[in-house]
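Chains as they are written, first to last, in this note's numbering: chain W, 13 to 224; chain H, 36 to 296.
Since the hints were made in silico from the structure, they are not lab data. Just so it is clear, CB atoms sit at the ideal spot from N, CA and C, and this is done for glycine as well. Certain hints may be false.
[Stated by the list, open to error] A short list of chain W residues far from chain H (calculated; beta carbon distances all over 10 Å):
1. 24
2. 37
3. 45
4. 48
5. 55
6. 70
7. 73
8. 78
9. 82
10. 86
11. 111
12. 160
13. 201
[What the hints assert, rightly or not] Covered by chain W, according to a simulated footprint, are these stretches of chain H (three or more residues, beta-carbon under 8 Å):
14. 98-108
15. 114-123
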Amino acid sequence: MTGPLRRSLTEQSWGALYDFLDPNRPGKTGPGRDEAAAARCLEVTRKLAVFFASRGCGEADDLAAETILRVAGKAAQIARSTGEDPLGYFFGVARNIYLEWLRDARRETVKRESALRDPTVHPVHDANSWRNEEAVHRCLDRCMATLTGTARRLLVSYYSDEKAAKIERHRRLAEEFGKSVNALRIEVHRMRKVLRQCVLGCVQPALAGGSR
Amino acid sequence: MNGETREDVVLRRYLLGSVAPDVRERIEERLFSDDRIFWEHLSLVEDELIESYVSNELESEDAQRFERSFLCTDERRSKLEFVRALRAYVATRQPVSISIWRRLQETVSVPAWAVAAAVAVILALPVAGGLFRRPAERSDVGATDVSASLSTGLVRSATGELPRLELSSNCKLLRLRVEPDEEHPRYRATLHEVAGGEIWSQSLAPAAVDGRTAVTLTLPCELLPVGDYYVTLRDAARPDVSPSPAAMAASSRASFRVLRP
Chain W
13 MTGPLRRSLT EQSWGALYDF LDPNRPGKTG PGRDEAAAAR CLEVTRKLAV FFASRGCGEA
73 DDLAAETILR VAGKAAQIAR STGEDPLGYF FGVARNIYLE WLRDARRETV KRESALRDPT
133 VHPVHDANSW RNEEAVHRCL DRCMATLTGT ARRLLVSYYS DEKAAKIERH RRLAEEFGKS
193 VNALRIEVHR MRKVLRQCVL GCVQPALAGG SR
Chain H
36 MNGETREDVV LRRYLLGSVA PDVRERIEER LFSDDRIFWE HLSLVEDELI ESYVSNELES
96 EDAQRFERSF LCTDERRSKL EFVRALRAYV ATRQPVSISI WRRLQETVSV PAWAVAAAVA
156 VILALPVAGG LFRRPAERSD VGATDVSASL STGLVRSATG ELPRLELSSN CKLLRLRVEP
216 DEEHPRYRAT LHEVAGGEIW SQSLAPAAVD GRTAVTLTLP CELLPVGDYY VTLRDAARPD
276 VSPSPAAMAA SSRASFRVLR P
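Extracted from the complex, chain W is given alone in its bound form (with noise of 0.2 Å):
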């Protein structure tokens, strides 16, 4: 959940969203109450940004935060009603902020091809933390070595090879490891996922503190 949308709701608004999200929520106590919510929250926003970027509409971040919104503003009323599937409201409702994006866009259409064709429409996300090889290699040194030996061999030898070579070495990688190529796969994507969130939070910070 971005800070701007965290902030443009109210606490009461908020609480409604997060009640709406784990139903449970409202018998819960002590620090970890929004726990599943948040995380239900984060879940449901990556889903609608999916939604919106699969349907071409480059506001993506945008038009997901707006549905958050927008079922905010309406969830104490969602909440009470029964039977209600949170993720089917959603959906609902990120259809009609597409079809109304659809509208604006169609009479915005000269302005939205130009913005297309405008390669700096999509700014890389918090580019400078990544412009700083050496800082991205000491965290990937650092977030490496909390992997388990198999795990950071594994993933090494996954990002080895080229097209062809890569193919044939993924092959021999599952068999190796004794799993068939789609696990490999899959194991391979959770490692990736818990890399990345490692790197993600030793960057800035590193980057911020200066070299070490």
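Given chain W, put chain H in place with the hints provided.
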């Protein structure tokens, strides 16, 4: 892409915005369901799509769609940068090999470096303690950072046992100082697991340490569970060549054994 299924292809096209509306509807219904396996699968295909782009594996039309449409979220742009960084990082480290023993079964040309640059290891060695030149070259059992010196020529102690390196559970970083046989401006230093394959590799410049030229391989201790290992050095400017059966079987290969409390 290896292992790619028909569903992968459809999901990839969905992510690039190039599926028919009815297919898109079906995918979105699953996207907004509690089907976690589907969501995980879509995330996997998304990651692999980014990798394909970074590897220049996408057809030109897909690459255009990727740039113009797919990269419209912060998260995807961040993932793209991460994959680029990871690939650059891996490129600076030697690819981890498939099992050395599998290579032994294959017919590969003999690389001269594998034999010529084999190094012997002189480590903290209770069995052959007389091999140490200076106390500083011993590993400090229990320390978080452990240093050990390696030099060429000697593989085993007089008793025939492998030199031993004792690493405590506190050990975080291991610095292996290696004295090369030949002079080169830069070396590729590789740590091998005898029963497995290459597990760590770095391109390193030599430096004078106590008047002797050496390169220092720094690696996480966690990388070395109990087992037998050896280190090779080669000229980093020479192309990478797979070790041949003859090279791997050569008795001049230097080895050491890691012990844990």
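Results of checking the hints against the structure:
The Cβ of residue 24(W) lies farther than 10 Å from every Cβ of chain H, with a closest approach of about 26 Å, so its non-interface assignment holds. Every beta carbon of chain H lies more than 10 Å from that of residue 37(W), the smallest distance being close to 17 Å; the non-interface claim holds. Chain H leaves residue 45(W) outside its interface by the beta-carbon criterion, the shortest separation being 22 Å against a cut-off of 10 Å. Its beta-carbon lying about 14 Å from the closest one in chain H, residue 48(W) satisfies the requirement of being farther than 10 Å from that chain.
Distance check for residue 55(W) against chain H: the nearest CB is about 8 Å away, which does not clear 10 Å, and the non-interface claim fails. The claim that residue 70(W) is not at the interface with chain H is violated, since a C-beta of that chain comes within 10 Å of its own (minimum 5 Å). With 10 Å as the threshold on Cβ separation, the claim that residue 73(W) sits away from chain H is violated: the shortest Cβ distance comes to roughly 5 Å. The Cβ of residue 78(W) lies farther than 10 Å from every Cβ of chain H, with a closest approach of about 14 Å, so its non-interface assignment holds.
Residue-level check passed: residue 82(W) sits 15 Å from the nearest beta carbon of chain H, beyond 10 Å. For residue 86(W), the condition that its CB be more than 10 Å from all CB atoms of chain H holds, with the nearest at approximately 17 Å. Annotated as non-interface, residue 111(W) keeps its C-beta farther than 10 Å from every C-beta of chain H; the closest such distance is 13 Å. With a cut of 10 Å on Cβ distances, residue 160(W) falls inside the contact zone with chain H, its closest approach being about 8 Å.
Residue placement check: residue 201(W) does not keep its beta carbon more than 10 Å from all beta carbons of chain H (closest about 4 Å). Beta-carbon proximity to chain W at under 8 Å applies to 7 residues in the stretch 98-108 of chain H; the threshold of 3 is reached and the given coverage holds. Judged by the Cβ-Cβ criterion of 8 Å, the stretch 114-123 of chain H is covered by chain W as claimed, because 9 of its residues qualify and three suffice.
Hints 5, 6, 7, 12 and 13 from the earlier list are contradicted by this structure; the remaining hints agree with it.
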